[in-house]
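Number of protein chains: 2
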Amino acid sequence: MSGNEGEEEIVFEIGVVVPKKGENQGDESSLDCVDVLVDEFKKRGLIVERVLGLQNEFIKLAAPLEILGKAAAELQFRKQTHIGMDLPFEWDEVEAFVRQPDGSLFTWCERFRCYNHIIYWIVNTGKSVVELKYDCREINWIPGEPLLRKLESEGVVKEVFPLHDENKRKKLLRSWALNWWDFTTQPIDEIYLYYGVKIAIYFAFLGKYTRWMLFPATLGLTMQLVDFGSMQLLVLPFFFICLISWAVLFFQFWKRKNSALLARWQINHLAGAESEYKFFQMEQSSLQSPAELMKKRGADKMKEKAFFQREEWFRWLMRFRNDAVIILSIICLQLPFELAYAHLYEVIGSDFLKFCLTAVYLLAIQSFTRMGGKISVKLVKCENNENVEYRARSLVYKVFGLYFMQSYIGIFYHALLHRNLMTLRQVLIQRLIMYEVLENLMENSIPYLTYSFKKFRAIRNKRKREQGSSTGKGQTIPRVEKEYLKPAYAASIGRELEDGLFDDFLELVLQFGMIMMFACAFPLAFAFATLNNLTEIRTDALKLLAMMRRPTPRADATIGAWLNIFQFLIVMSICTNSILLVCLYDQDGKWKVSPGLAAILIMEHVLLFIKFGFSRIVPEEPAWVRAARMKNAAQAADMCSKQLLRSISGDEKIFSQMKKST
Amino acid sequence: MSGNEGEEEIVFEIGVVVPKKGENQGDESSLDCVDVLVDEFKKRGLIVERVLGLQNEFIKLAAPLEILGKAAAELQFRKQTHIGMDLPFEWDEVEAFVRQPDGSLFTWCERFRCYNHIIYWIVNTGKSVVELKYDCREINWIPGEPLLRKLESEGVVKEVFPLHDENKRKKLLRSWALNWWDFTTQPIDEIYLYYGVKIAIYFAFLGKYTRWMLFPATLGLTMQLVDFGSMQLLVLPFFFICLISWAVLFFQFWKRKNSALLARWQINHLAGAESEYKFFQMEQSSLQSPAELMKKRGADKMKEKAFFQREEWFRWLMRFRNDAVIILSIICLQLPFELAYAHLYEVIGSDFLKFCLTAVYLLAIQSFTRMGGKISVKLVKCENNENVEYRARSLVYKVFGLYFMQSYIGIFYHALLHRNLMTLRQVLIQRLIMYEVLENLMENSIPYLTYSFKKFRAIRNKRKREQGSSTGKGQTIPRVEKEYLKPAYAASIGRELEDGLFDDFLELVLQFGMIMMFACAFPLAFAFATLNNLTEIRTDALKLLAMMRRPTPRADATIGAWLNIFQFLIVMSICTNSILLVCLYDQDGKWKVSPGLAAILIMEHVLLFIKFGFSRIVPEEPAWVRAARMKNAAQAADMCSKQLLRSISGDEKIFSQMKKST
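First to last, the sequence lines map onto chains A and B.
Numbering follows UniProt numbering, with no gaps: position 43 of the first sequence is 43.
Numbering follows UniProt numbering, with no gaps: position 100 of the second sequence is 100.
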């Protein structure tokens, strides 16, 4: 849309938003802080472009590879080398490191970290305070203070956000978001390169999930369409067993797929673990010589062990307390509320009252969820978890508890207490179709509407001001300002810990629970879900590419907590479906134990066995991935062992002599 | 007993058994093969002592540290260094490696591997065949042929077996086997040093298991002794819940204990994985230069991946087929047999007939088990598992299936079909007390009796011969011959894959199943089991120290397959106890569903949830162990990264130039 084709080589990836300079600025006696910031950016080697928007000024930043590489070396990134081993990055030895599939050296996630490192570590290296000016205020830049943080806290820099790469975005739009006829196939590698690993993993999961979903969908359709005659009674249990096996196998194969993807992208599986290690390293940051290390080792070992043990127990206690708080409050507060709603809904006759009740209920759960989310975030924050991803997981579990109650307790009520299968089916259809369609519409239209509104307001404001000052500048909004006006990819809950993936996964999980837990009451649900997921792939892609700012990349390489939630839902669905079957076959309403009930109970146990047995049969990691990992680990030590040994044993000799002499 | 105190420094650890030289040997024209063997041992630097026994001659071998070290370097052992990282052993850099708690460099397991390497790699380095003589036979030692193997196949060397270290053995006897008043505490570190990791882990497990067992034992005793009045009905379910939680927590804490022990003994957890890596390394054994590696990398990667994928699927199929064979044959052959026995036992009135029946049954299952074991070993052998420990595990699962049916199906029959709780209790008491006491007696007396018988026969033979030749040599048997006459620590089943630990673990597992699965019928069982395990610790120790040869050490560092079997038994016991409770509370014999049955069903599900949920709450590895592991992994790469990088990137440059020029 912006026709500057010559710019192809420079890709601006970070945008900094500052207010437009007031026009009544004449005196040049002290330094304008924005000019200083731009100068400092340039000094660090960044390529800077200043763009004047309608309301704000934008500083677009790009970095030559060398600048990024040096930042990476300072950050001590571990990157895979050509011998297959991860080593800390060095700019001088850049040839040793494996490049990305598209030929670039760093992934988007790494580039983003480098940019952050560069721009947030512009400190005042002089010895005196630098006086900066902004509008009419004075800002004192104290020695050693990072400039960008200072300006952010003073309100001069409004935001720092990642920019879309217009060429790649358009390419992806064509090859991915608008490519409806590809059904579940997606250009995962390009998504990975553009959005980073976490989002790519989400879409890979969504694709594989939808592909596998075709099996139960056809099974459900057949059950609906074909009349099995006298076999009808046996068809449902058969469907049930197929379904559970399907779900268990799917998640096992997903784990394999996940680790295969990570191996393809050369991501070390234990990347998360590494950050945990740094947690203790602070104390011994000066580790260089083996001799020093060894001296510390003996004394430190016991101290370290005690430290970790204390830490572990404390963490465990905090987590236990928090979980207890959450679980108790869900059971004591939310459960009665939901049951009251379900009961009133069942009891009330008039349709109008029902409608009113539902409206009140919807408003109530909105605020309930928001409150619950806030409490969860607060609890998670005092949990002292090792790193951000652990915290995000802890939050996911807690918030899912809320949503679980909210989404299913009413359905349980209809299914179990009133044994009203017709109402159950109605509720399911209603939820599945209405809810999903509405969700999809909402999540795509709301960002677009907010964006349009913001744009409209910006133009209107501009016009108003122009009428005042009557300078005849062009009306076009620069692209970077358009991006700034787009909403960020953030979670509806706990913005600090999770991004928009939270909502997308939540939708998927709730759908999975809905179709699995009540599968025996409504086998057709899988067909609906398949259709929904097929559209979900493209609409989510469209949302990410066209309606949102580029999300900040995240390093988590698995679907994390959600996987455990899926597993939990499988177990739940074994139990609920067993109960449903009992209800279906026990028509006269008395809990009479016939051979039928015994059979269902036995089947339930067999299924639980399948659930927990199958995961042992299929290994989580393909053999080739495992072998490659092993090889890398072994090579790591082999390559340099001799020389290392010499230095250790040399130092050890000196050390033991020292010991003797003292 | 042998009073040579001056020998303290030389510890003979390997014994080689050769026949006594016939006395009619006069001609010295060609070489006697035993003399050659001894000479070769001496040439390799081993310390050799020849002892003339009553029936055989014994060559006792000891090795100075340097000889072992050089063998270790040839074998490329990975050992932990002082910086905490595992590196291949080098004799010249011996100072760099961590020593054992008792100051020795190598563990018993490592020493044993070194000895084996030394003595089995005595090859004919010359170019011509060496003609050896034994009695009157000629043995041709072909160039490149290992001498010991040759002599073994010719029947000259009867056996090679590890020798007890008399000092340490006596010390352990005092501090461990005869130390009854220590109850569950044992000198685990010394056991580890003397017997190696696998046996030490067994005893650590047994100790911790017995210690934890005190809790359910006291609970069971209280239930038996105290009369709860009207609460009686609630006590049993409470006991049940406590029990399952106890079992789940115990195994979770055992895993922690296990990894803590391994960290203390400086054993790398992934040692098993390493051997798997070597599996593919054969093809690229010449890896030295990074450049070579890289050239291969591109082409090899795809081939390797395909190879591993094929391999994995093939292995999976084989395993699946074998498991299917085993399961089907157990269900189709063993189950009807066991049920027939249980039914006949129930039906027959006369005590004499019952006794006959039991005798026939016992004989039948003896041969049944032996046959099953043989089939299992054969099946496992064609499974193409990665290494020996995998095979052993596979065998354990298969054989356990047999024993499971054998031990429990009769009890199930009494409990479930006949709902005869009195018979059930009788059978349980009978099995627990009689069986365990008998087992203990048998496993200790049989080795002793066989040993005594062999010794007696040896002395008698000697006497007979002496009467013939009438030379007046002393009647004392040398110690090494006594050890040779002792039985080896071998499994009753599948001698090639498992050692005596198999039987010990099997006993433990069967006991666990018995007391857990029928806990609600007989809570007192835990007290019996505790007493039994307390004696088991000492009698097993006594057996190992006094009645068996020193076992060949094994490298497996966990209780492996048995852990999974324990877990399986916990799940089984949730189900069986639920059924037992239903039987107990449903006295009139009709399967009527009262609120009681519903309550039990709910409880069962809660317990299953506990089982699978609890294992997530308690991490398997203590935080300090994990942190130490992480640190080692990170240091590995950090220490030598710069220099490595230079060599990789240098080679890479050359490589890319080469590519361009071609």
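Derived by calculation from the structure, the hints in this document are not laboratory data.
Please note that the accuracy of each hint is not assured.
Same chains, same names: a pair is fine if it fits in one copy or spans any two.
Under the rule of at most 20 angstroms between Cα atoms (straight-line distance), these lysine-lysine pairs were calculated in the PhoX-like manner [unchecked claim]: (1) 257 with 305; (2) 305 with 255; (3) 543 with 486; (4) 303 with 454; (5) 158 with 168; (6) 378 with 303; (7) 168 with 464.
| field | Up to 20 angstroms CA-CA - residue 464 versus residue 168, copy category | value | Intra 36 angstroms, inter 97 angstroms, cutoff 20 angstroms: neither.
| request: Give the relationship of residue 378 and residue 303 under a CA distance limit of 20 angstroms: within one copy only, between copies only, both, or neither. | output: neither (31 angstroms within a copy, 51 angstroms between copies)
| field | Within, between, both or neither: residue 543, residue 486 at alpha-carbon 20 angstroms | value | Result: close within a single copy only, 11 angstroms intra versus 77 angstroms inter.
| request: Please work out whether the CA atoms of residue 303 and residue 454 approach to 20 angstroms or closer within one copy, between two copies, in both situations, or in neither? | output: Neither way: residue 303 and residue 454 sit 57 angstroms apart in one copy and 55 angstroms across, limit 20 angstroms.
| query | Is it within, between, both or neither when you check residue 305 against residue 255 at 20 angstroms Cα-Cα? | reply | between (33 angstroms within a copy, 17 angstroms between copies)
| task | Please work out whether the CA atoms of residue 158 and residue 168 approach to 20 angstroms or closer within one copy, between two copies, in both situations, or in neither? | result | neither (27 angstroms within a copy, 75 angstroms between copies)
| task | Tell me, please, which holds for residue 257 and residue 305 at an alpha-carbon limit of 20 angstroms: within, between, both or neither? | result | between (37 angstroms within a copy, 14 angstroms between copies)
The structure fails hints 4, 5, 6, 7 (numbered hints given earlier, in ascending order).
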